[in-house]
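K.L.:
Chains as they are written, first to last, in my numbering: chain R, 691 to 795; chain Y, 520 to 929.
Calculated directly from the structure, the hints in this document are not laboratory data.
Since the model is a prediction, treat every value here as computed from it, not as a measurement.
Straight-line C-alpha distance at most 25 Å; calculated BS3-like pairs for lysine-lysine:
#, chain 1, residue 1, chain 2, residue 2
1, Y, Lys718, R, Lys713
2, R, Lys776, Y, Lys718
3, Y, Lys750, Y, Lys761
4, R, Lys792, Y, Lys679
5, Y, Lys703, Y, Lys662
6, R, Lys768, Y, Lys761
7, R, Lys776, Y, Lys751
8, R, Lys768, Y, Lys751
9, R, Lys776, Y, Lys761
10, Y, Lys679, R, Lys761
11, Y, Lys860, Y, Lys718
12, Y, Lys926, R, Lys792
13, Y, Lys886, Y, Lys926
14, Y, Lys718, Y, Lys679
15, Y, Lys718, Y, Lys926
16, R, Lys776, Y, Lys679
17, Y, Lys703, Y, Lys732
18, Y, Lys750, R, Lys776
19, Y, Lys886, Y, Lys718
20, Y, Lys860, Y, Lys679
21, Y, Lys860, Y, Lys886
22, R, Lys768, Y, Lys750
23, Y, Lys732, Y, Lys761
Each pair of labels, with its calculated beta carbon distance range:
#, chain 1, residue 1, chain 2, residue 2, range
24, R, Thr700, Y, Ser596, 53 to 61 Å
25, Y, Arg589, R, Pro775, 51 to 59 Å
26, Y, Lys761, R, Thr767, 16 to 24 Å
27, Y, Glu697, R, Ala702, 43 to 51 Å
28, Y, Arg546, R, Lys749, 41 to 49 Å
29, Y, Gln794, R, Ala702, 24 to 32 Å
30, Y, Met520, R, Lys749, 36 to 44 Å
31, Y, Val928, R, Glu714, 22 to 30 Å
32, Y, Gln927, R, Asp766, 42 to 50 Å
33, Y, Arg549, R, Lys761, 38 to 46 Å
34, R, Glu748, Y, Lys606, 33 to 41 Å
Backbone N, C-alpha and C fix where the C-beta goes; we use that ideal spot for every residue, glycine too.
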Amino acid sequence: MQTAILGGKTLALDADGNLADRKEWNEEVAREIAATEGIAELTPQHWAVINFMRSVFEKEGDSPSIRRLTKESGVDTKTLYQLFPKGPAKKAARIAGLPKPKGCI
Amino acid sequence: MRHMLILGGGTAGTIMANKLARALDERDWRITVVDGKEEHYYQPGFLFVPFDIYRMRDLVRPRRQYLPGRVRFILSSIDHIDAGKKKVVLANGEALRYDCLIIGTGADIHPEQTEGLLDEGWGRSKFDFYTPLGAERLARFLKTWQGGRLVLSIAEMPIKCPVAPLEFLFLADAYFTERGMRDKVDIHLVTPLSGAFTKPTSSRVLGEFLERKGISVTPDFGLARVDNDEKKLVAWDDSEVKYDLLVSIPTNMGDPAIARSGIGNELNFVPTNRQTLSAEGLEDVFVIGDATNLPASKAGSVAHFESEILFEKIMEHIEGRAPRAQFDGHANCFIESGYGKGMLIDFNYETEPLPGAFPLPGVGPFKLLGESAINHYGKLMFRWVYWNLLLRGVELPIANEMLMAGKQVV
Ligand SMILES: Cc1cc2nc3c(=O)[nH]c(=O)nc-3n(C[C@H](O)[C@H](O)[C@H](O)COP(=O)(O)OP(=O)(O)OC[C@H]3O[C@@H](n4cnc5c(N)ncnc54)[C@H](O)[C@@H]3O)c2cc1C
Numbered sequence: 691m692q693t694a695i696l697g698g699k700t701l702a703l704d705a706d707g708n709l710a711d712r713k714e715w716n717e718e719v720a721r722e723i724a725a726t727e728g729i730a731e732l733t734p735q736h737w738a739v740i741n742f743m744r745s746v747f748e749k750e751g752d753s754p755s756i757r758r759l760t761k762e763s764g765v766d767t768k769t770l771y772q773l774f775p776k777g778p779a780k781k782a783a784r785i786a787g788l789p790k791p792k793g794c795i
Numbered sequence: 520m521r522h523m524l525i526l527g528g529g530t531a532g533t534i535m536a537n538k539l540a541r542a543l544d545e546r547d548w549r550i551t552v553v554d555g556k557e558e559h560y561y562q563p564g565f566l567f568v569p570f571d572i573y574r575m576r577d578l579v580r581p582r583r584q585y586l587p588g589r590v591r592f593i594l595s596s597i598d599h600i601d602a603g604k605k606k607v608v609l610a611n612g613e614a615l616r617y618d619c620l621i622i623g624t625g626a627d628i629h630p631e632q633t634e635g636l637l638d639e640g641w642g643r644s645k646f647d648f649y650t651p652l653g654a655e656r657l658a659r660f661l662k663t664w665q666g667g668r669l670v671l672s673i674a675e676m677p678i679k680c681p682v683a684p685l686e687f688l689f690l691a692d693a694y695f696t697e698r699g700m701r702d703k704v705d706i707h708l709v710t711p712l713s714g715a716f717t718k719p720t721s722s723r724v725l726g727e728f729l730e731r732k733g734i735s736v737t738p739d740f741g742l743a744r745v746d747n748d749e750k751k752l753v754a755w756d757d758s759e760v761k762y763d764l765l766v767s768i769p770t771n772m773g774d775p776a777i778a779r780s781g782i783g784n785e786l787n788f789v790p791t792n793r794q795t796l797s798a799e800g801l802e803d804v805f806v807i808g809d810a811t812n813l814p815a816s817k818a819g820s821v822a823h824f825e826s827e828i829l830f831e832k833i834m835e836h837i838e839g840r841a842p843r844a845q846f847d848g849h850a851n852c853f854i855e856s857g858y859g860k861g862m863l864i865d866f867n868y869e870t871e872p873l874p875g876a877f878p879l880p881g882v883g884p885f886k887l888l889g890e891s892a893i894n895h896y897g898k899l900m901f902r903w904v905y906w907n908l909l910l911r912g913v914e915l916p917i918a919n920e921m922l923m924a925g926k927q928v929v
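Excised from the complex, chain R in its bound form:
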């Protein structure tokens, strides 16, 4: 099993490299994961997306797709790609301490 030192603790990661236990997540952990993803600072817009993802996951047990993020988080697709380069849904899920969205199977 892979691990990473985040927020001063050694935390287990899943096969995709996301946090294995989302209860270990906190804002400091989020900032440190973001840094490893090349995002130096989490702005209020980043947090809006991260919190939206966490609330959807809490309710539905899966994180939303990019299409749903665009529709419901109030951030358009272009901006999502600027905030979370390469894969907004995948990256935001990782930073939010959630598993990789299952939608992409």
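Following the hints, complete the assembly by docking chain Y with the ligand onto the known chain R.
P.N.:
Positioned in the frame of chain R, the structure of chain Y with the ligand alone reads:
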């Protein structure tokens, strides 16, 4: 008399109609299937049409022929479902009341969802192979193509049969090699995924396969639009990929009737309970096949595994028995890899595709996540299995739950 109403007479709807026709007492239950199209296509065959391995006329049969005699078939488009009133309204306004509803309306491609994709050049330098028309047009085009840059682009996930794009690339490599023009064709995959496939082990193995065949990959590409003047794909982060020939897997969505019914998600897929296959929040409504939002592959094999569970669920529901059966997300796909060889993968919600032997541990005859000629014959045999066993809803020689025996944990 109670009424079992099945929407869509494709792979899943046909299997369910056959199973239920055998089990439900004719004195208690009427069974109806509604579908808007007379022809039933064997969709896995579409992959082979561009390369002249199958012709479209070899892949189509009359839909009615695969439904049992006691089932009423209505050839009509479905307008919407009114789950509150337990009725379905057809395009001509006729309403059908139901006691139990099965939604099996599948998924289809929606090129209009990507800016510039459907505009000039669609059917001339830009093609799909997920529809009968698209696959035939591409076959015609390839016969006289002189070569250049072939780009296969996946617009958005999820898609039907997520391995089909890779199979297309493997077959393209073999096709151009056999025609002595492989050196004139640059084959390239552009995908929103981080690698060749969705799950880590298979992504690595399939990625190595692509590399060996000289097929390059642009991962993490979020397709924003197609620029027709410069023949290029443009991503949301403004990166670009040029093409001469674009083979597109456009956004896959559930049927617009789902949207009109107000019961779908952002892609018109119906939120479905992953174990029981009942529609979330709707009474007496079940969902099967590509129409669900389940984190399982959109594949005929999945529809088959789901049908075994859904059949049990519906019988439990009707007979008021305690629930027992549960769906585990089982999928199992042959992957055509070119030159008369193929691969096989077997996985579920929790377990990713692993190497090994199938269905008999250590024996096979099929090889999991590895290449062999027998896997290729398995794929070709699947067409016969589809028409003669699968649609009829009879037992296949494969366990319904995914088994770990025979798999190597890596
Ligand atoms: C190129 C390609 C390759 C594939 N390869 C494989 C493979 O190798 N292995 C595998 O297992 N699977 C494969 N698949 C996937 C497989 O074909 C589908 O997953 C399977 O057919 C899904 O069954 P379904 O019943 O859910 O949908 P479908 O079989 O598509 O049936 C849906 C039906 O609903 C009807 N319908 C929808 N909306 C309406 C409406 N409003 N009114 C009336 N009727 C309506 C449609 O006409 C259709 O007949 C492939 C698919 C494609 C496109």
